[in-house]
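Residue numbers (my numbering), protein chains in the order written: chain A, 1 to 115; chain B, 116 to 231.
Treat the hints as calculated values from the structure; they're not laboratory data. Just so it is clear, the structure is predicted and the values come from calculations on it, not from any experiment. Incorrect hints may appear among the rest.
[To be verified] Going by beta-carbon spacing under 7 Å, a handful of chain B positions derived as facing chain A:
id	residue
1	116
2	152
3	155
4	159
5	221
6	223
7	224
[What the hints assert, rightly or not] Computed beta-carbon distance windows for the label pairs:
id	chain 1	residue 1	chain 2	residue 2	range
8	B	194	A	111	25 to 35 Å
9	A	17	B	172	24 to 34 Å
10	B	173	A	12	39 to 49 Å
11	A	53	B	230	30 to 40 Å
12	A	14	B	171	48 to 58 Å
13	B	157	A	59	15 to 25 Å
14	B	193	A	68	37 to 47 Å
[What the hints assert, rightly or not] Okay, derived cross-link-like pairs now, DSBU-like style, lysine-lysine, Cα gap no bigger than 35 Å in a straight line:
id	chain 1	residue 1	chain 2	residue 2
15	B	173	A	55
16	B	183	A	98
17	B	186	A	20
18	A	98	A	66
19	B	186	A	14
20	A	14	B	137
21	A	41	B	152
22	A	55	A	66
23	B	137	B	183
24	B	186	B	173
Quick reminder that beta carbons are idealized off the backbone N, C-alpha and C, glycines included.
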Amino acid sequence: GAVVSQHPSRVICKSGTSVKIECRSLDFQATTMFWYRQFPKQSLMLMATSNEGSKATYEQGVEKDKFLINHASLTLSTLTVTSAHPEDSSFYICSALKISGNTIYFGEGSWLTVV
Amino acid sequence: GENVEQHPSTLSVQEGDSAVIKCTYSDSASNYFPWYKQELGKGPQLIIDIRSNVGEKKDQRIAVTLNKTAKHFSLHITETQPEDSAVYFCAAGSLPYNTNAGKSTFGDGTTLTVKP
Numbered sequence: 001g002a003v004v005s006q007h008p009s010r011v012i013c014k015s016g017t018s019v020k021i022e023c024r025s026l027d028f029q030a031t032t033m034f035w036y037r038q039f040p041k042q043s044l045m046l047m048a049t050s051n052e053g054s055k056a057t058y059e060q061g062v063e064k065d066k067f068l069i070n071h072a073s074l075t076l077s078t079l080t081v082t083s084a085h086p087e088d089s090s091f092y093i094c095s096a097l098k099i100s101g102n103t104i105y106f107g108e109g110s111w112l113t114v115v
Numbered sequence: 116g117e118n119v120e121q122h123p124s125t126l127s128v129q130e131g132d133s134a135v136i137k138c139t140y141s142d143s144a145s146n147y148f149p150w151y152k153q154e155l156g157k158g159p160q161l162i163i164d165i166r167s168n169v170g171e172k173k174d175q176r177i178a179v180t181l182n183k184t185a186k187h188f189s190l191h192i193t194e195t196q197p198e199d200s201a202v203y204f205c206a207a208g209s210l211p212y213n214t215n216a217g218k219s220t221f222g223d224g225t226t227l228t229v230k231p
C-alpha cells in the first residue's frame, strides 16, 4: 500500500511559539492532502483540505491564520501551528489522496503538546 | 452536509466470535465508504472500502456490506482475534475526489475489545 509519513511524531513546544508538522507521501504524488485534528477518544475532525500550488480550504471554525497550511510540492504538505497555546495540544493527522486508485491514505499522526 | 452515525460505540466480543459495526449516512451523493482501524497513538489505517456500485466486499476475515437505499453500511469481522482490538471508524465520502468532494465524514468510532 501507499505510505504517508508525518514528522515529527511527537513534539512539545512552549506556549506562544510556532511548530511545524510535515506530511509526506513517500511513494506517490498527492495533489490533495487533508489535515485532521483528533482529541482523545473522539473522532477525526477535518481542519482543512490542502491542494498543491493553491491555498488551502479551511473548514468552518478553523482559524486559517493560526493553522497555516502549505502544499508546495506533490509530496509534501505542512501544517504550522502559530502562537500555540495549551488548548492546541492534540493529535494531528494528515491524509493524502492517491489519484490512481482514488484512495486516501493516512499518516501516523503527530502528537502536539503545548506547555 | 453529510452526517454519519456509527453504532455501537463500544463492542466487546470473545475471541473467535464475530463483530459487526453499523453506520448510517445522510447524503445520497456519497458513493465511497471506507473503514479504518486506529490503534492507540497511531493514525487510522484503511482496512477495507466499498464503492456504491457494489453491495458487498470481502477480504479474508473482513467484509463490508452496503445498502444504498437505506443509506447504511456495515463492517463484519469474523473469527476475531485479540489483535483486532482497536477503534474502528467508518466514513462516507464521494469519488472522484476534488477540492470539495474529497473530504470524508467520519463516524464517532467503535472501540472493539476482543477478549482472549
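Hint by hint, here is what the structure shows:
no.: 1; hint: 116; verdict: violated (10 Å)
no.: 2; hint: 152; verdict: violated (11 Å)
no.: 3; hint: 155; verdict: violated (10 Å)
no.: 4; hint: 159; verdict: holds (5 Å)
no.: 5; hint: 221; verdict: holds (5 Å)
no.: 6; hint: 223; verdict: holds (5 Å)
no.: 7; hint: 224; verdict: holds (5 Å)
no.: 8; hint: B/194 <-> A/111: 25 to 35 Å; verdict: holds (33 Å)
no.: 9; hint: A/17 <-> B/172: 24 to 34 Å; verdict: violated (46 Å)
no.: 10; hint: B/173 <-> A/12: 39 to 49 Å; verdict: holds (44 Å)
no.: 11; hint: A/53 <-> B/230: 30 to 40 Å; verdict: violated (50 Å)
no.: 12; hint: A/14 <-> B/171: 48 to 58 Å; verdict: holds (52 Å)
no.: 13; hint: B/157 <-> A/59: 15 to 25 Å; verdict: holds (23 Å)
no.: 14; hint: B/193 <-> A/68: 37 to 47 Å; verdict: holds (45 Å)
no.: 15; hint: B/173 <-> A/55; verdict: violated (39 Å)
no.: 16; hint: B/183 <-> A/98; verdict: holds (25 Å)
no.: 17; hint: B/186 <-> A/20; verdict: violated (39 Å)
no.: 18; hint: A/98 <-> A/66; verdict: holds (28 Å)
no.: 19; hint: B/186 <-> A/14; verdict: violated (46 Å)
no.: 20; hint: A/14 <-> B/137; verdict: violated (42 Å)
no.: 21; hint: A/41 <-> B/152; verdict: holds (14 Å)
no.: 22; hint: A/55 <-> A/66; verdict: holds (15 Å)
no.: 23; hint: B/137 <-> B/183; verdict: holds (13 Å)
no.: 24; hint: B/186 <-> B/173; verdict: holds (19 Å)
Checked against the numbered hints given earlier, this structure breaks hints 1, 2, 3, 9, 11, 15, 17, 19 and 20; the rest are met.
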